[in-house]
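J.: Chains A and B are the protein sequences, given in the same order. Just so you know, this note's numbering puts 345 at position 186 of the first sequence, and the rest follows in order with no gaps. Just so you know, this note's numbering puts 161 at position 2 of the second sequence, and the rest follows in order with no gaps.
Hints in this document: simulated from the structure, not taken from any laboratory. Worth double-checking, as some hints may not be accurate.
Put simply, identical chains are the same to the list, so a pair is met inside one copy or across any two.
To be verified - BS3-like, lysine-lysine: derived pairs with alpha carbons at most 30 Å apart:
1. K308 <-> K361
2. K281 <-> K361
3. K200 <-> K416
4. K308 <-> K274
5. K202 <-> K361
6. K239 <-> K308
7. K416 <-> K239
8. K416 <-> K285
9. K239 <-> K202
None of the values given here were measured: they were computed from a predicted structure.
2 protein chains.
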Amino acid sequence: MQFSIDFGSPLGTYTVDIPNTTQQDYDTIEAYFIPKINAPKVKSRDAIADAFLFAWSLCPNENPSDLWHHVLYRIYLRNKQGTNPEQSWVRTSGEAFELALSQKYNPLLSNHGLKLTPLFSKKDKKETLERMGISHLVGSSKIDIAIEKQGESRGLLPNGYGIIGGIHAKVSLAERVSDDIPASRIMMQYGFLSLLSTLDVKSFPPPRGDLINRGEFGSPDNSSDKRRYIEEHGDFSACFSYNTRTVPSPQITSSGKQIYVVFSNITPDPFVQFLA
Amino acid sequence: MQFSIDFGSPLGTYTVDIPNTTQQDYDTIEAYFIPKINAPKVKSRDAIADAFLFAWSLCPNENPSDLWHHVLYRIYLRNKQGTNPEQSWVRTSGEAFELALSQKYNPLLSNHGLKLTPLFSKKDKKETLERMGISHLVGSSKIDIAIEKQGESRGLLPNGYGIIGGIHAKVSLAERVSDDIPASRIMMQYGFLSLLSTLDVKSFPPPRGDLINRGEFGSPDNSSDKRRYIEEHGDFSACFSYNTRTVPSPQITSSGKQIYVVFSNITPDPFVQFLA
DNA sequence: CCGACCGGTCG
DNA sequence: ACGACCGGTCG
Numbered sequence: 160m161q162f163s164i165d166f167g168s169p170l171g172t173y174t175v176d177i178p179n180t181t182q183q184d185y186d187t188i189e190a191y192f193i194p195k196i197n198a199p200k201v202k203s204r205d206a207i208a209d210a211f212l213f214a215w216s217l218c219p220n221e222n223p224s225d226l227w228h229h230v231l232y233r234i235y236l237r238n239k240q241g242t243n244p245e246q247s248w249v250r251t252s253g254e255a256f257e258l259a260l261s262q263k264y265n266p267l268l269s270n271h272g273l274k275l276t277p278l279f280s281k282k283d284k285k286e287t288l289e290r291m292g293i294s295h296l297v298g299s300s301k302i303d304i305a306i307e308k309q310g311e312s313r314g315l316l317p318n319g320y321g322i323i324g325g326i327h328a329k330v331s332l333a334e335r336v337s338d339d340i341p342a343s344r345i346m347m348q349y350g351f352l353s354l355l356s357t358l359d360v361k362s363f364p365p366p367r368g369d370l371i372n373r374g375e376f377g378s379p380d381n382s383s384d385k386r387r388y389i390e391e392h393g394d395f396s397a398c399f400s401y402n403t404r405t406v407p408s409p410q411i412t413s414s415g416k417q418i419y420v421v422f423s424n425i426t427p428d429p430f431v432q433f434l435a
Numbered sequence: 160m161q162f163s164i165d166f167g168s169p170l171g172t173y174t175v176d177i178p179n180t181t182q183q184d185y186d187t188i189e190a191y192f193i194p195k196i197n198a199p200k201v202k203s204r205d206a207i208a209d210a211f212l213f214a215w216s217l218c219p220n221e222n223p224s225d226l227w228h229h230v231l232y233r234i235y236l237r238n239k240q241g242t243n244p245e246q247s248w249v250r251t252s253g254e255a256f257e258l259a260l261s262q263k264y265n266p267l268l269s270n271h272g273l274k275l276t277p278l279f280s281k282k283d284k285k286e287t288l289e290r291m292g293i294s295h296l297v298g299s300s301k302i303d304i305a306i307e308k309q310g311e312s313r314g315l316l317p318n319g320y321g322i323i324g325g326i327h328a329k330v331s332l333a334e335r336v337s338d339d340i341p342a343s344r345i346m347m348q349y350g351f352l353s354l355l356s357t358l359d360v361k362s363f364p365p366p367r368g369d370l371i372n373r374g375e376f377g378s379p380d381n382s383s384d385k386r387r388y389i390e391e392h393g394d395f396s397a398c399f400s401y402n403t404r405t406v407p408s409p410q411i412t413s414s415g416k417q418i419y420v421v422f423s424n425i426t427p428d429p430f431v432q433f434l435a
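Assemble the whole structure, with the sequences as input and the hints as a guide.
T.: Rendered as structure tokens:
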């Protein structure tokens with residue numbers, strides 16, 4: 160469908176195309192999402208995570224990053240009440256992405272003895288890093304999701320789960336991804352997986368930009384710093400992008416590490432294949 | 160003076176006190192700043208830097224961080240046209256702080272053979288890190304202001320200036336300061352000064368907060384992570400805060416590194432004393 | 001063109 | 001309570 164976005168005066172309205180979503184899909188997503196946005200008992204991160212998984216199920220061939228950025232983000236801005244919608248989005252959408260990843264993958268990973276746990280509190284993050292034995296080496300909160308495995312000996316809990324690594328989750332990268340690198344290198348050095356999962360959201364709004372959500376990785380022959388973090392420096396064990404415009408890495412990179420792109424909501428996807 | 164800030168419906172207006180600024184001072188600052196904000200030939204970073212130095216000269220006993228956060232920031236939001244004022248502030252105010260520091264201190268440092276140069280472009284940053292011989296070790300752009308000295312041999316240019324270190328400039332810290340630490344440690348390890356200069360801006364707006372701009376360092380007996388970066392880990396050679404509510408470090412810290420607070424626009428201030 | 005800038009939010 | 005979340009901007 161074609162889709163109008165109002166940027167107010169003097170910019171006016173601009174059109175975006177979401178080719179694998181119908182007007183009816185869009186209306187169905189709005190009807191699902193809007194009532195949750197201001198519901199007093201619903202945390203915004205839950206509303207966004209639920210709406211994302213709902214939208215992606217409804218439109219399994221749509222670019223998930225576009226559903227997030229053009230559909231959910233803009234519905235949220237128009238409807239969030241009683242607080243600054245942009246800053247509320249900042250605060251809640253990051254954690255929503257952690258929730259969405261965990262909710263999506265846990266049913267697919269459980270028969271491999273694997274489990275993702277979003278770490279929202281400083282305490283949870285710190286306890287996880289302590290179980291990994293690297294709490295003293297990294298800033299107190301540089302891990303977003305724990306990757307646990309049944310029977311793993313490191314950080315083993317009475318419930319039978321140990322820790323095999325962590326995920327750094329980011330909706331968009333900007334300069335902020337460099338924040339995660341020191342902790343990531345230590346995690347890898349200590350034998351843990353350190354994954355970067357990202358929606359790789361980035362479009363340029365009018366009047367300069369064309370609103371196409373191309374992300375920030377550039378292409379292998381015109382590499383950005385962010386791509387080099389993976390392909391050359393090997394700063395993460397692997398990177399998973401949910402923006403279908405992200406250009407994946409070639410199978411051979413100088414670091415051996417790759418950017419994988421999740422092209423559809425069908426399993427096994429590259430993330431499940433990598434872990435299982 | 161007392162000072163009203165309108166947070167719109169349903170929050171209403173709230174009062175802030177800027178005790179060492181009169182209504183006439185405030186009006187004079189507005190008259191100076193507002194025409195520059197939308198002037199087509201004036202870069203916003205120049206407008207903000209100029210207005211800050213103007214305001215601080217006019218009110219040398221006011222908390223500079225409050226002049227920045229309560230006076231300039233809020234005038235900018237109310238008056239910036241043709242673009243998103245909040246995001247424009249993000250983009251331009253950070254560089255304005257670099258400019259303001261350089262413009263303020265260069266006249267005071269020149270007779271010591273010292274010079275500050277703001278590094279705005281990726282190219283300038285990279286060239287500076289190359290002169291320091293650490294370009295291959297740190298992310299391409301982790302330095303905001305170069306500190307040069309006449310006759311210094313490292314990175315010596317034909318103009319007679321070599322490099323003795325760099326400044327990481329931040330209006331506010333948030334989690335973003337941890338970004339600067341890996342590069343800072345390398346700079347120090349290679350014998351360079353690595354300073355953190357900050358306005359330490361942080362207030363909590365209504366309805367939760369009281370708008371008092373307390374910053375983010377806590378106090379030595381109730382230390383925040385950010386304070387520990389300096390006093391315990393010694394991640395910067397020194398930190399200079401322009402928020403008079405920032406609690407300075409004791410003279411003895413476990414790392415030997417300190418947070419200094421610049422209490423008035425009178426020299427020599429702690430920054431000049433440290434460098435000269 | 002494409003990077004880094006910062007602050008209200010809310011758990 | 002105090003921390004980390006993200007995106008329009010504009011050089």
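J.: If a hint holds in the structure, say so; if it doesn't, say that too.
T.: Verification of the hints:
no.: 1; hint: K308 <-> K361; in the structure: neither (33 Å within a copy, 41 Å between copies)
no.: 2; hint: K281 <-> K361; in the structure: both (28 Å within a copy, 20 Å between copies)
no.: 3; hint: K200 <-> K416; in the structure: neither (42 Å within a copy, 47 Å between copies)
no.: 4; hint: K308 <-> K274; in the structure: within (6 Å within a copy, 55 Å between copies)
no.: 5; hint: K202 <-> K361; in the structure: both (25 Å within a copy, 25 Å between copies)
no.: 6; hint: K239 <-> K308; in the structure: neither (38 Å within a copy, 53 Å between copies)
no.: 7; hint: K416 <-> K239; in the structure: neither (40 Å within a copy, 45 Å between copies)
no.: 8; hint: K416 <-> K285; in the structure: both (27 Å within a copy, 26 Å between copies)
no.: 9; hint: K239 <-> K202; in the structure: within (12 Å within a copy, 33 Å between copies)
Checked against the numbered hints given earlier, this structure breaks hints 1, 3, 6 and 7; the rest are met.
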